[in-house]
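Here the protein sequences line up with chains A and B, keeping their order.
The working numbering numbers the first residue of the first sequence as 1 and each following residue consecutively.
The working numbering numbers the first residue of the second sequence as 1 and each following residue consecutively.
Simulated from the structure, these hints should not be mistaken for laboratory data.
We put the beta carbon where it would ideally sit given N, CA and C, even for glycine.
Do not rely on the hints blindly, as some may be mistaken.
Stated by the list, open to error - In silico SDA-like cross-links for lysine to any residue, where the CA-CA straight-line distance does not exceed 25 Å:
| hint | chain 1 | residue 1 | chain 2 | residue 2 |
| --- | --- | --- | --- | --- |
| 1 | A | Lys192 | A | Asp354 |
| 2 | A | Lys82 | B | Ser114 |
| 3 | A | Lys250 | A | Thr203 |
| 4 | A | Lys169 | A | Gly274 |
| 5 | A | Lys82 | A | Asp180 |
| 6 | A | Lys250 | B | Ser259 |
| 7 | A | Lys219 | B | Phe124 |
| 8 | A | Lys250 | B | Gln133 |
| 9 | A | Lys75 | A | Ser152 |
| 10 | A | Lys219 | B | Gln133 |
| 11 | A | Lys250 | B | Pro128 |
| 12 | A | Lys169 | B | Leu142 |
| 13 | A | Lys219 | B | Ser114 |
Unchecked claim - Computed spacing ranges between beta-carbons, pair by pair:
| hint | chain 1 | residue 1 | chain 2 | residue 2 | range |
| --- | --- | --- | --- | --- | --- |
| 14 | B | Ile219 | A | Asp266 | 23 to 31 Å |
| 15 | A | Val177 | B | Leu103 | 41 to 49 Å |
| 16 | B | Phe268 | A | Gln291 | 50 to 58 Å |
| 17 | B | Gly145 | A | Arg295 | 51 to 59 Å |
| 18 | B | Thr261 | A | Thr170 | 22 to 30 Å |
| 19 | A | Gly43 | B | Leu103 | 19 to 27 Å |
| 20 | B | Ile219 | A | Gly67 | 34 to 42 Å |
| 21 | B | Pro59 | A | Glu199 | 46 to 54 Å |
| 22 | B | Leu216 | A | Ala340 | 47 to 55 Å |
| 23 | A | Arg295 | B | Asp264 | 49 to 57 Å |
| 24 | A | Asp296 | B | Trp262 | 50 to 58 Å |
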Amino acid sequence: MKKSSILSLLGLALLLSVALLLTGCGQKEPDEIRIGIIAPQTGPVAAYGEGARDGALLAFDKINAAGGINGKKIKYFLEDNKGDQAETTNVVNKLISKDKVIAIIGPVISGTSNVAAPICNKEKIPMITPTGTAVEITKAGEYISRVCFLDSYQGSVMAKFAVQNLGAKTAAVLYDVASDYSIGMKDVFIEKFTEHGGEVIETVSFTSGDADFSAQLTKIKAANPDVIYLPAYYNDDSLVLRQAHGLGIKATFLGGDGWDAQELIDSAGATAEGCYFTTHYSSSDPSPIVQDFLRDYQAKYNRFPIVFAPLGYDAALLLADAIERAGSLDPEEIKDAINATEDFPGVTGTLSLDENGDPIKDVAIVTVKNGRFELVTKMRP
Amino acid sequence: MSEFLQQIINGLSLGSIYALIALGYTMVYGIIQLINFAHGDIYMVGAFTGYFAILAGLPFPLVLLLAMVCPAILGMFIERVAYRPLRYSPRITALITAIGISLFLENLGILVLSPDPRPFPQVFTNPPFQLGQVTVSIPQVLTFGVALALMVGLTFFIRYTKTGKAMRALAQDLEAAQLMGVNVDSIISVTFMIGSALAGAAGVMVGILIPRIEPLMGIMPGLKAFVAAVVGGIGSIPGAMLGGMLMGLVETLTTGFISSTWRDAIAFGLLIVILLFKPSGILGKNVREKV
Chain A
1 MKKSSILSLL
11 GLALLLSVAL
21 LLTGCGQKEP
31 DEIRIGIIAP
41 QTGPVAAYGE
51 GARDGALLAF
61 DKINAAGGIN
71 GKKIKYFLED
81 NKGDQAETTN
91 VVNKLISKDK
101 VIAIIGPVIS
111 GTSNVAAPIC
121 NKEKIPMITP
131 TGTAVEITKA
141 GEYISRVCFL
151 DSYQGSVMAK
161 FAVQNLGAKT
171 AAVLYDVASD
181 YSIGMKDVFI
191 EKFTEHGGEV
201 IETVSFTSGD
211 ADFSAQLTKI
221 KAANPDVIYL
231 PAYYNDDSLV
241 LRQAHGLGIK
251 ATFLGGDGWD
261 AQELIDSAGA
271 TAEGCYFTTH
281 YSSSDPSPIV
291 QDFLRDYQAK
301 YNRFPIVFAP
311 LGYDAALLLA
321 DAIERAGSLD
331 PEEIKDAINA
341 TEDFPGVTGT
351 LSLDENGDPI
361 KDVAIVTVKN
371 GRFELVTKMR
381 P
Chain B
1 MSEFLQQIIN
11 GLSLGSIYAL
21 IALGYTMVYG
31 IIQLINFAHG
41 DIYMVGAFTG
51 YFAILAGLPF
61 PLVLLLAMVC
71 PAILGMFIER
81 VAYRPLRYSP
91 RITALITAIG
101 ISLFLENLGI
111 LVLSPDPRPF
121 PQVFTNPPFQ
131 LGQVTVSIPQ
141 VLTFGVALAL
151 MVGLTFFIRY
161 TKTGKAMRAL
171 AQDLEAAQLM
181 GVNVDSIISV
191 TFMIGSALAG
201 AAGVMVGILI
211 PRIEPLMGIM
221 PGLKAFVAAV
231 VGGIGSIPGA
241 MLGGMLMGLV
251 ETLTTGFISS
261 TWRDAIAFGL
271 LIVILLFKPS
281 GILGKNVREK
291 V
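Generate coordinates for the entire structure from the input sequences, incorporating the hints supplied.
As structure tokens, then:
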């Protein structure tokens with residue numbers, strides 16, 4: 001009785017030490033790459049989060065199917081931050097301290113990205129937000145970068161396009177005073193349009209939720225500009241277009257990525273014809289990288305991607321590319337590799353990261369022709 | 001100058017909408033001294049009725065008729081179940097019930113129709129036409145024309161029909177009218193019916209003029225039409241028309257010549273100024289309280 005219990009104790013000790021040895025080995029030489037994804041999958045911005053998530057997961061699946069990065073498979077940890085700032089703090093801390101991720105893709109919207117960025121930078125974990133457009137996000141430090149362009153960036157591209165490609169000499173601007181997105185784009189557009197030799201002859205505003213634009217449009221009509229810049233979201237855009245038609249306005253409407261939704265064409269109908277807007281990419285772009293992405297995405301999810309999806313996809317591929325170039329799983333070396341990104345071929349354009357971690361990339365200019373979005377050109381400011 | 005004229009046209013078409021809604025407020029108030037806060041939501045129901053009728057492929061006159069009949073029935077029904085039992089309760093009870101009905105209709109709309117705004121189908125795709133120096137679109141003409149026709153019709157109805165006479169009698173003195181043999185319940189029902197039908201027509205017209213509808217679309221126009229009714233003199237039918245037109249003009253001219261940010265501030269500021277000088281509204285009768 002006594003003898004056997006001593007033996008079993010010895011056996012147990014032996015087993016334990018072997019187990020300890022084994023796990024010790026595992027920590028020294030991890031055979032997987034742990035990456036966190038933060039995206040809202042419930043709550044008011046769930047549709048955006050799901051798009052970005054599906055894009056990133058498609059990229060990771062592709063990489064793993066091709067044998068992983070430097071022979072190691074990616075293991076992802078998906079967290080739902082509900083688009084909420086407090087929840088974001090929780091999930092970032094969980095990913096870093098419990099799941100031991102070496103890099104994070106996300107969060108999706110600007111408000112939550114602003115919360116996550118300082119934490120990641122302090123913990124020295126590289127973070128790439130696919131879609132956070134607020135300027136401050138990447139100012140948190142050198143561990144933070146993004147793949148989407150800034151609002152101001154597309155404003156200056158549209159100003160250049162209006163003058164150089166459309167030959168516009170005069171412009172009117174109609175913007176939303178209650179939206180930072182709209183104000184930011186308006187300011188840059190006016191500055192750049194003037195710089196390129198054009199003249200902004202009328203600036204009028206509305207407030208989110210307004211539905212009657214006839215007074216503003218009448219004022220614009222009296223000024224008779226060549227183009228009208230309308231940096232707003234598709235709901236407002238389609239209303240403005242239909243009312244402008246009713247007032248007999250013939251000037252060309254220009255906009256930003258807020259226009260990029262099928263609902264715009266559904267609701268504005270023929271009045272959307274011939275408008276131009278800047279956006280991240282166009283599904284009508286014939287380049288193989290875009291068409292391959294569209295094919296794979298629809299094969300995997302059986303639906304058409306929203307614009308957040310290719311950005312999530314690009315963020316994931318850019319991170320994978322940086323890990324491969326770093327040849328190491330050390331977050332600091334990965335960070336250096338991300339920041340050294342040069343001419344990375346993404347679905348949303350070939351991009352290099354500047355000293356802030358913001359991309360320098362092509363902006364797609366899309367028009368509406370015969371009831372469909374059509375790529376016109378791609379350009380930089 | 002042409003820009004000013006154009007803004008006047010814009011203001012009049014927006015004002016027609018406010019005037020149509022304001023009529024419902026003023027008629028109901030004139031008879032039972034109730035501010036029917038659910039009236040803005042009746043207007044929303046009218047807009048959605050029109051929306052579905054157009055999607056069903058009905059011709060426009062039928063759409064307009066349907067969008068007046070459905071809200072009219074709903075208005076009568078609401079009066080029957082929610083306000084009639086409270087006829088002899090304190091006025092505040094009926095007012096709070098009206099707010100309750102309003103919240104009920106809004107949230108029912110969100111539940112059944114989803115909170116997402118929907119584009120109103122394009123009924124008239126004709127290009128706008130030139131009238132001297134100003135451009136007038138078909139929806140603008142139609143809104144103004146329909147509103148004018150309804151208001152003229154209403155004036156004749158109130159002045160020359162027996163029911164109209166009974167409504168006026170009720171407004172003067174409910175108890176005396178009852179003693180003279182006027183059926184108070186049915187006349188109040190008819191008042192709600194007419195007011196709601198006008199709001200329903202406004203709902204369709206707004207869908208054509210400003211093509212976006214949603215379950216909460218009635219809140220702001222409802223409030224503004226109420227203000228218009230008060231400015232014109234609540235209880236007075238010509239006052240509601242005048243107040244509505246004035247509200248539309250002030251809003252449009254403020255947006256056009258000052259800034260959209262000032263629009264509501266100036267519109268509601270106007271209410272305060274007018275009420276300071278004419279507490280019973282522009283066309284309101286100055287009724288002395290009997291002591």
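Hint-by-hint comparison with the structure:
no. : hint                              : in the structure
1   : Lys192(A) / Asp354(A)             : holds, 21 Å
2   : Lys82(A) / Ser114(B)              : holds, 21 Å
3   : Lys250(A) / Thr203(A)             : holds, 17 Å
4   : Lys169(A) / Gly274(A)             : holds, 18 Å
5   : Lys82(A) / Asp180(A)              : holds, 22 Å
6   : Lys250(A) / Ser259(B)             : holds, 23 Å
7   : Lys219(A) / Phe124(B)             : holds, 24 Å
8   : Lys250(A) / Gln133(B)             : holds, 16 Å
9   : Lys75(A) / Ser152(A)              : violated, 35 Å
10  : Lys219(A) / Gln133(B)             : holds, 14 Å
11  : Lys250(A) / Pro128(B)             : holds, 12 Å
12  : Lys169(A) / Leu142(B)             : violated, 36 Å
13  : Lys219(A) / Ser114(B)             : violated, 35 Å
14  : Ile219(B) / Asp266(A): 23 to 31 Å : holds, 26 Å
15  : Val177(A) / Leu103(B): 41 to 49 Å : violated, 29 Å
16  : Phe268(B) / Gln291(A): 50 to 58 Å : holds, 55 Å
17  : Gly145(B) / Arg295(A): 51 to 59 Å : holds, 54 Å
18  : Thr261(B) / Thr170(A): 22 to 30 Å : holds, 25 Å
19  : Gly43(A) / Leu103(B): 19 to 27 Å  : holds, 24 Å
20  : Ile219(B) / Gly67(A): 34 to 42 Å  : violated, 58 Å
21  : Pro59(B) / Glu199(A): 46 to 54 Å  : holds, 47 Å
22  : Leu216(B) / Ala340(A): 47 to 55 Å : holds, 51 Å
23  : Arg295(A) / Asp264(B): 49 to 57 Å : holds, 50 Å
24  : Asp296(A) / Trp262(B): 50 to 58 Å : holds, 52 Å
Violated hints, listed in ascending order, are 9, 12, 13, 15, 20; each of the other numbered hints is respected by the structure.
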